[in-house]
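Engineer: Generate coordinates for the entire structure from the input sequences, incorporating the hints supplied.
Number of protein chains: 2
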Amino acid sequence: MSENVVVLLLLMQISNNYCARNELNIFLFSGHYEFVDLTHSFDNETIYWPNSLNFVFVKKIEELGADGSWYAANDFTAGEHGGTHLDAPYHFYRGGLHAGELPLEKLIVPLVIVDMSAKVNDDPNFVLYKEHLDYILNDNNGKPCIIIFKFGWSKYFNDRKKYLGLAENSNELNFPGLSEEVAKWITSSYKNVVGLGVDVASVDPGSSKQFPVHKITSRHGLYNIENVNLNRDIPEYGCTALVLPMKIKLGTGAPLRLVAICPKEQ
Amino acid sequence: MSENVVVLLLLMQISNNYCARNELNIFLFSGHYEFVDLTHSFDNETIYWPNSLNFVFVKKIEELGADGSWYAANDFTAGEHGGTHLDAPYHFYRGGLHAGELPLEKLIVPLVIVDMSAKVNDDPNFVLYKEHLDYILNDNNGKPCIIIFKFGWSKYFNDRKKYLGLAENSNELNFPGLSEEVAKWITSSYKNVVGLGVDVASVDPGSSKQFPVHKITSRHGLYNIENVNLNRDIPEYGCTALVLPMKIKLGTGAPLRLVAICPKEQ
Numbered sequence: 015m016s017e018n019v020v021v022l023l024l025l026m027q028i029s030n031n032y033c034a035r036n037e038l039n040i041f042l043f044s045g046h047y048e049f050v051d052l053t054h055s056f057d058n059e060t061i062y063w064p065n066s067l068n069f070v071f072v073k074k075i076e077e078l079g080a081d082g083s084w085y086a087a088n089d090f091t092a093g094e095h096g097g098t099h100l101d102a103p104y105h106f107y108r109g110g111l112h113a114g115e116l117p118l119e120k121l122i123v124p125l126v127i128v129d130m131s132a133k134v135n136d137d138p139n140f141v142l143y144k145e146h147l148d149y150i151l152n153d154n155n156g157k158p159c160i161i162i163f164k165f166g167w168s169k170y171f172n173d174r175k176k177y178l179g180l181a182e183n184s185n186e187l188n189f190p191g192l193s194e195e196v197a198k199w200i201t202s203s204y205k206n207v208v209g210l211g212v213d214v215a216s217v218d219p220g221s222s223k224q225f226p227v228h229k230i231t232s233r234h235g236l237y238n239i240e241n242v243n244l245n246r247d248i249p250e251y252g253c254t255a256l257v258l259p260m261k262i263k264l265g266t267g268a269p270l271r272l273v274a275i276c277p278k279e280q
Numbered sequence: 015m016s017e018n019v020v021v022l023l024l025l026m027q028i029s030n031n032y033c034a035r036n037e038l039n040i041f042l043f044s045g046h047y048e049f050v051d052l053t054h055s056f057d058n059e060t061i062y063w064p065n066s067l068n069f070v071f072v073k074k075i076e077e078l079g080a081d082g083s084w085y086a087a088n089d090f091t092a093g094e095h096g097g098t099h100l101d102a103p104y105h106f107y108r109g110g111l112h113a114g115e116l117p118l119e120k121l122i123v124p125l126v127i128v129d130m131s132a133k134v135n136d137d138p139n140f141v142l143y144k145e146h147l148d149y150i151l152n153d154n155n156g157k158p159c160i161i162i163f164k165f166g167w168s169k170y171f172n173d174r175k176k177y178l179g180l181a182e183n184s185n186e187l188n189f190p191g192l193s194e195e196v197a198k199w200i201t202s203s204y205k206n207v208v209g210l211g212v213d214v215a216s217v218d219p220g221s222s223k224q225f226p227v228h229k230i231t232s233r234h235g236l237y238n239i240e241n242v243n244l245n246r247d248i249p250e251y252g253c254t255a256l257v258l259p260m261k262i263k264l265g266t267g268a269p270l271r272l273v274a275i276c277p278k279e280q
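Sequences listed follow chains A and B, in order.
Numbering-wise, the first sequence is residues 15 to 280 according to our numbering.
Numbering-wise, the second sequence is residues 15 to 280 according to our numbering.
Incorrect hints may appear among the rest.
All copies of an identical chain are treated as equivalent in the list; a pair is satisfied when it fits inside any one copy or across any two copies.
Unchecked claim - In silico EDC-like cross-links for lysine to aspartate or glutamate, where the CA-CA straight-line distance does not exceed 16 Å:
(1) K169 - E37
(2) K229 - E76
(3) K175 - D137
(4) K263 - E115
(5) K278 - E37
Worth flagging that the hints you see were computed from the coordinates, not collected in a lab.
Structural biologist: See the structure below:
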C-alpha cells in the first residue's frame with residue numbers, strides 16, 4: 015500500500031493537465047484499477063422470465079445517403095425485469111422506492127462477491143443457507159455495500175433452457191438461489207448491505223412460488239440485481255460497484271449497467 | 015491537497031471493515047466526494063425528437079394479495095435517441111462502434127464542463143464557435159476525457175415546445191448547438207476527448223439539416239451525449255464522469271445513466 019501512496023503522490027505532483035487534475039481522477043486513472051463489465055448485452059436473445067415481455071429490438075432506419083453519409087436508428091420494447099436488471103423495492107413492497115428514486119449513495123458502493131460456485135457445482139437445486147456464509151459475514155461495522163452471490167450460472171446465459179432450468183412443456187423453473195433464512199439474516203444483522211445480486215434469474219431459487227427473498231429485501235429497502243454477468247472472475251473484496259439502472263421514474267425495476275472498478279492484480 | 019492525503023492515510027489505517035477495505039473505496043467514500051445525477055428521468059413526458067418513438071410506460075401489474083403481499087411490474091417501449099441518451103458512433107458512421115461495444119475505458123473518464131449559459135443568455139439561435147473556447151482548451155496532453163457544454167437549457171426540459179424551439183404547425187426546431195468548426199477543431203486537435211455532451215436535444219443546433227457535428231464526431235470515434243441534466247451546477251474541472259448506457263448490443267444509441275463524481279466544495 016505504501017508503494018501505491020508514493021505513486022499517487024508522484025502522480026499528483028507531475029500531473030497538471032486539465033483532463034485529470036484532481037485527486038480522484040489521478041487515483042482512478044493511475045493504472046492500478048480496471049473497469050469490469052458485469053452486464054449481459056441486450057439483444058433479441060436476452061433471457062427474460064417466462065410470460066414476460068422480452069427485449070425486442072426493431073431496426074428502424076439504416077440509410078446510406080447519395081453523398082456517402084450514414085444514418086441509423088432503432089426502437090425497442092422490453093419488460094423491466096429481464097437481462098441484467100435491478101429490482102426496485104417497489105417491485106415487491108408497496109411502500110418501497112421505485113427504480114428512478116434510488117439515491118446514488120446506494121448505487122455507488124463497495125462490492126463484496128461471495129463465490130459459491132464450487133459448492134453449487136452446477137446443481138440447479140442448490141439453495142444458499144446461513145451455514146454457507148458463517149465464514150465471511152462476520153463484520154457489521156461497514157459502510158454501505160452490496161453483496162453479489164456467484165452460483166456459477168453465467169456460463170449458461172446463452173442457453174435459455176439450461177439457464178432457467180425450464181422443464182419440458184411447462185414454465186416450471188429450476189436454478190439456484192437464496193433461502194428465506196439468508197435474506198432474514200442479512201436484513202436483520204447487516205444493516206450496511208443496501209442490495210443483493212445473483213448470477214441467476216432471481217434471488218429466490220427458480221422453484222420458489224412465494225418469493226420470500228424478494229419480499230424480505232424489498233420490505234427492508236434493499237434492491238436486488240439479477241442476471242449479473244460473472245463470466246469473468248473479480249476479487250471477492252476491494253472492488254467498487256457502479257449500479258446504474260436506466261432511470262425509469264416509476265419503474266418497479268429497470269435494465270441495469272453494472273460495472274465493477276477493481277484493483278489490478280499485482 | 016496535503017490535508018486530503020493525511021486524511022486518506024489516517025482512513026487507510028483505521029479502517030478494517032470488509033465493505034470498504036481497499037484504497038479506492040476508502041478514497042471514494044471518505045466524505046470528500048459527492049455523486050451528482052446528470053440524468054433526466056424516463057416517463058411518458060420525457061422529451062424525444064419529433065417523429066421518434068417516445069418512451070411509453072405500460073403499467074402491467076399492480077397486485078395486492080389477500081395476504082397483504084404486493085407485486086408490481088411494467089413494460090416499456092422507446093426509441094434509442096430520447097431523454098438523456100448516448101449516440102454511438104454507428105448512429106452517423108457505418109464503420110463506428112455500436113452502443114453495446116463502447117469500451118468502459120471511454121465511459122469512465124474525467125469530465126470537463128464548459129459553461130456557456132451566460133453567453134447563450136437563453137438565445138435559441140446561439141451557435142458555439144471556436145472563438146468562444148479559446149480561453150479553455152489550451153491543453154492537449156491529457157488522459158481521455160469528455161466535454162459537456164452547458165447552454166443553460168435544462169430548465170426548459172419540462173416544456174417540450176420551449177426546449178425544442180418547436181415552431182407552430184411544423185416540426186422545425188430551434189435551440190443552441192455546436193458549430194461544425196468546433197467539432198473539427200476538437201477532433202483534430204484534442205485527441206484525448208472521447209465524447210461530447212450537451213444540455214439540449216442535439217449536439218448540432220436545432221435548425222441544422224445536415225448534422226455536421228454528428229458526422230464529424232462519429233467518424234472520429236467520439237460518442238455524443240444529449241439532453242444532459244445540468245439543472246444543478248457542478249465544478250467545471252475535477253469531476254469524474256460515469257457514462258453508463260443501457261447495454262444494447264447493436265444499438266445506434268441507448269438510454270443513458272450519467273453520473274458525475276465531484277469533489278465537495280470546502
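Engineer: Treating 16 Å as the Cα threshold, decide for K229 and E76: within, between, both or neither.
Structural biologist: between (45 Å within a copy, 15 Å between copies)
Engineer: Go through the copies and call it for K263 and E115: within, between, both or neither, with a Cα cutoff of 16 Å.
Structural biologist: Within. Shortest intra-copy distance 7 Å satisfies the 16 Å Cα cut-off; inter-copy 26 Å does not.
Engineer: When no copy is named, should K175 and D137 be tagged within, between, both, or neither for a Cα gap of at most 16 Å?
Structural biologist: So K175 and D137 pass the 16 Å test inside one copy only (15 Å; across, 57 Å).
Engineer: Treating 16 Å as the Cα threshold, decide for K169 and E37: within, between, both or neither.
Structural biologist: neither (38 Å within a copy, 31 Å between copies)
Engineer: Is it within a copy, between copies, both, or neither that the alpha carbon of K278 lies no farther than 16 Å from that of E37?
Structural biologist: For K278 and E37, only the inter-copy Cα distance (12 Å) is at most 16 Å; the intra-copy one is 19 Å.
The structure is inconsistent with hint 1 alone, although it conforms to all the rest.
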